[in-house]
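Trainee: Protein sequences appear in the order of chains A and B.
Residues 1 to 445 in the numbering used here are what the first sequence spells out, letter by letter.
Residues 1 to 407 in the numbering used here are what the second sequence spells out, letter by letter.
Treat the hints as calculated values from the structure; they're not laboratory data.
Watch out, some of these pointers could steer you wrong.
[Stated by the list, open to error] List time: in silico PhoX-like cross-link candidates among lysine-lysine, alpha-carbon distance up to 20 Å:
1) Lys422(A) to Lys201(B)
2) Lys156(B) to Lys253(A)
3) Lys253(A) to Lys293(A)
4) Lys15(B) to Lys390(B)
5) Lys293(A) to Lys257(A)
6) Lys16(B) to Lys390(B)
[As the list claims (entries may be wrong)] Pairwise CB distance ranges (calculated):
7) Asn171(A) to Asp381(B): 30 to 36 Å
8) Asp128(B) to Gly421(A): 20 to 26 Å
9) Arg252(B) to Ser190(A): 49 to 55 Å
10) Ser217(B) to Asp294(A): 52 to 58 Å
In this text, a Cβ means the ideal position worked out from N, Cα and C, and glycines have one as well.
So the chains spell out like this:
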Amino acid sequence: MQIPAIEWPEGVYADVRFEEATTTSIRIRDGVRDNVTARAEVGAFLRVMRNGMWATAATTDLTDLGAQLRTLAQAIPEGQGIDPRGALTPHRETVTPFADRRADQVPLGDKLARLEAVLTAMDRPSIQTWSGTWVDSYRWRAFCSSEGAEVITDGQLVGMAVRYSVGEGENRFSDSWTVGADTIEELGGSAEELSAALDVAERFAAEAQPVEAGPATVILSPYTAGVFAHESFGHKSEADFMIGDPSMLEAWKLGSKVGSEVLSIVDDGGIRGSGFTPWDDEGQPASQTWLVKDGVLTGRLHSATTATALGEGVTGNARAMSFRYEPIVRMTSTYIAAGESTKEELFAGVEDGYFIESFRHGSGMSTFTIAPALAWRIRDGRIAEPVRISVISGTVFETLGLIDGVSNEVELMPTVTGGCGKLEQYPLPVAFGGPYVRISRMMVA
Amino acid sequence: MGDGMVREVLAFRQKKVTVGLADSRVVSVRSNDELETVVRMYSDGLVGLASAVGPHDRDALERQARAALVHGVPFAPGPVRDRQLTHAHPGDTHDAASLVRATTELLDVLRGRYPDFVFSHQVTWSSDHLSLTNDVGLDLQWSRATTYVVLLVKQKGSPNILDTLLVVDGPSFDGDAAIAQADAFLPAFRAGLAPMPAGRKRVVFEGLGPLQGRLQSDLTARSLSTGASVFAGREVSLHPDFRLLDSRDASRVRTCPFDLFGTVRQTPELVLLGPDGVQGVADRREAEVLGVPDTGNGWGKVHELPRPVVGELRIPGTGGLSPLLDDESILVCLAMGADCSDAGDYALPVQLAYTLDAEGRPVQRLPPITLTGNLFDVFGDDWVGATETKARPGIQESHVVTHMTVA
């Protein structure tokens with residue numbers, strides 16, 4: 001789209017974030033086409049600020065934005081807030097790596113055919129019910145400010161997700177299979193791969209037994225380690241929760257020991273994938289932020305406002321789910337960094353424990369919880385029988401200190417049909433991952 | 001239309017004013033005003049759909065919806081015909097200045113009474129209007145104005161992102177209800193930690209809270225008919241006093257009396273679980289496919305075709321909380337990450353719970369705990385009861401009491 005000319009109001013800071021987004025959503029349930037839709041929307045988010053106090057608006061009317069900004073300026077609440085202008089460097093950049101590979105240029109019928117080809121794997125009697133989904137979204141954004149910023153960027157996410165329930169009665173098992181990429185050309189996934197996942201699910205449904213609740217050694221897969229890092233520590237690294245509580249600066253002092261020496265956690269908006277955010281929604285560049293390095297707190301995630309409040313640098317983590325919302329501090333691609341052990345060495349160190357291969361959901365505050373999907377007993381250093389675990393949980397800081405092994409290869413996973421939720425903004429695409437991570441003691445129930 | 005097609009138009013207009021809070025003060029105000037328009041074309045047992053946000057060319061949308069019929073999405077029952085209804089849930093009207101003023105007054109009180117806590121997040125006024133019309137006599141209109149106070153509360157010095165929530169939801173800005181909630185809970189939060197409980201306890205929830213996830217997913221007609229539901233293929237024996245309702249009483253829960261396919265709900269409450277067994281929800285399309293009643297539960301994103309979704313779950317009760325308590329009852333306030341296995345086994349990590357006095361008032365908070373139980377026991381042999389009185393001022397939920405075990 002063409003960026004409209006803006007007559008900026010005087011006496012206030014102002015910025016406008018334009019957005020043009022297209023999405024495709026296809027859903028097939030139990031073999032029947034349930035929803036096939038393509039959607040396009042254009043809008044803008046307007047902000048004006050005086051004395052650190054903001055008035056903002058989301059609009060689909062892109063005419064005479066200057067007048068809209070002037071009207072908005074009259075609605076700025078009285079008071080004194082945090083003035084972030086010193087942290088809002090007015091960059092001028094264009095980074096649109098997906099402009100010539102837009103998913104919305106591919107006919108809907110082609111996407112439908114590709115999904116249905118994969119779903120031929122669902123024709124097996126053990127499956128009780130299933131749904132298959134294709135999603136793609138392309139989002140073009142332009143951030144312009146009264147200080148002269150003009151940052152144009154785009155992002156894209158393409159994926160397929162299949163949810164299924166196999167088995168009967170108490171031997172029922174529900175799981176999902178997902179593939180994601182940022183272009184259609186790079187999207188993997190085949191009926192054979194889905195079929196292999198279904199084989200595992202059938203075995204799990206038939207053989208998995210409940211576990212006895214109690215503490216145990218646990219190894220997390222890269223995907224599960226990623227959600228652990230995201231939930232247990234990532235959200236606590238978002239600096240907006242520290243605003244208004246000076247004691248937090250002492251409790252979360254950079255340089256404090258927060259985990260075992262093998263633990264390092266990184267957030268990096270520059271990595272391609274569902275967390276790719278080369279420029280954030282305040283026009284600031286992505287950075288690789290080491291939240292934890294060798295068990296020591298080394299950084300946190302910022303918007304311009306939180307960076308100003310805490311006297312730290314911006315990190316490119318001010319993100320908004322769409323033009324309807326203001327940018328707030330969010331993660332991008334967050335992962336546990338690789339260690340030095342091999343995966344085999346990690347498992348060899350477990351005489352009796354559990355391997356959490358996949359999960360249904362995770363959440364966390366001072367305690368965190370992961371609800372596993374596929375989980376296995378580890379006996380004498382080897383993966384043994386499948387087990388049914390409702391949740392694994394722990395106190396965040398105790399658990400971070402109980403990590404005693406990290407493998408040497410990182411895998412990053414995209415979010416395809418879901419994403420990260422914070423306050424009213426859900427789902428925001430993020431990525432998470434890590435290596436295999438061993439924790440000497442977690443509560444298993 | 002002359003070609004045998006039926007055109008249906010769904011329009012959803014939402015205006016919102018949102019006051020943003022940080023550090024117990026107003027820091028921003030946001031205005032949203034959005035119109036989303038969806039055109040559905042029905043023809044020969046199929047449906048095609050197109051949507052637009054904001055200003056749009058209606059003819060172009062109709063052409064897109066007509067073209068979308070090529071994707072072959074079946075819709076055997078066709079559109080709802082000859083039904084008219086207009087229903088409104090009126091409420092306050094706010095602009096930015098009035099909502100900022102009301103919020104500022106609330107925060108002044110909370111800061112004064114609770115200087116050791118930080119209040120953040122937002123207060124939102126929302127005006128919604130939903131219109132669903134078609135060429136064959138459907139004309140449904142619904143509107144609602146609501147003010148939501150959602151305050152994240154964090155004790156200064158706490159390592160948590162948030163410690164508790166104050167939530168008020170109603171037709172008017174009700175600052176008094178938010179203050180009453182703070183007065184009920186924050187002194188108990190300050191009172192320090194109670195000893196870690198152990199064993200089987202009487203547990204009190206505000207509404208169904210974290211127990212409802214599995215109920216929502218497993219009480220659809222499809223999950224029951226395919227055997228995917230935890231309730232499928234088994235004799236469900238619950239407590240004789242227990243009933244789980246999908247509440248669609250428009251006067252009570254301020255919900256829309258029709259679903260997004262245009263089915264007007266005929267009964268104010270649908271019994272999903274009770275002495276007569278299990279009932280799953282369905283929408284117009286699902287009802288036709290599965291041969292079950294259309295319960296008017298077609299919901300979802302406006303720009304997609306609806307699918308069956310369990311609505312407002314409610315357990316009817318009587319009286320107040322006090323008669324349902326024993327000396328060691330626990331009130332669960334904040335629980336995240338609950339899961340329920342296919343065998344019905346719950347694991348429920350609780351971030352914030354309180355001990356209660358004999359009147360049901362919070363006394364002291366507990367350390368984080370994990371509760372376990374089985375769905376069929378929680379609503380069966382372990383069931384205690386539900387209240388008629390509201391759990392807090394300014395919310396719709398009542399108390400629900402059962403037994404669970406501290407793991």
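Trainee: Each of the hints needs a verdict: does it hold here or not?
Mentor: Structure-based check of each hint:
1. Lys422(A) to Lys201(B): Violated - the C-alpha atoms of lysine 201(B) and lysine 422(A) are around 32 Å apart, more than 20 Å.
2. Lys156(B) to Lys253(A): Answer holds: lysine 156(B) to lysine 253(A) is near 16 Å, not above 20 Å.
3. Lys253(A) to Lys293(A): holds, 14 Å
4. Lys15(B) to Lys390(B): The given pair, whose Cα atoms are some 29 Å apart, is violated under the 20 Å limit.
5. Lys293(A) to Lys257(A): holds, 9 Å
6. Lys16(B) to Lys390(B): violated, 27 Å
7. Asn171(A) to Asp381(B): 30 to 36 Å: Violated, at about 24 Å.
8. Asp128(B) to Gly421(A): 20 to 26 Å: This hint holds: roughly 22 Å between Cβ atoms.
9. Arg252(B) to Ser190(A): 49 to 55 Å: With a Cβ separation near 50 Å, arginine 252(B) and serine 190(A) satisfy 49 to 55 Å, so the hint holds.
10. Ser217(B) to Asp294(A): 52 to 58 Å: violated, 42 Å
Hints 1, 4, 6, 7, 10 from the list above are not met by this structure, while the remaining hints are.
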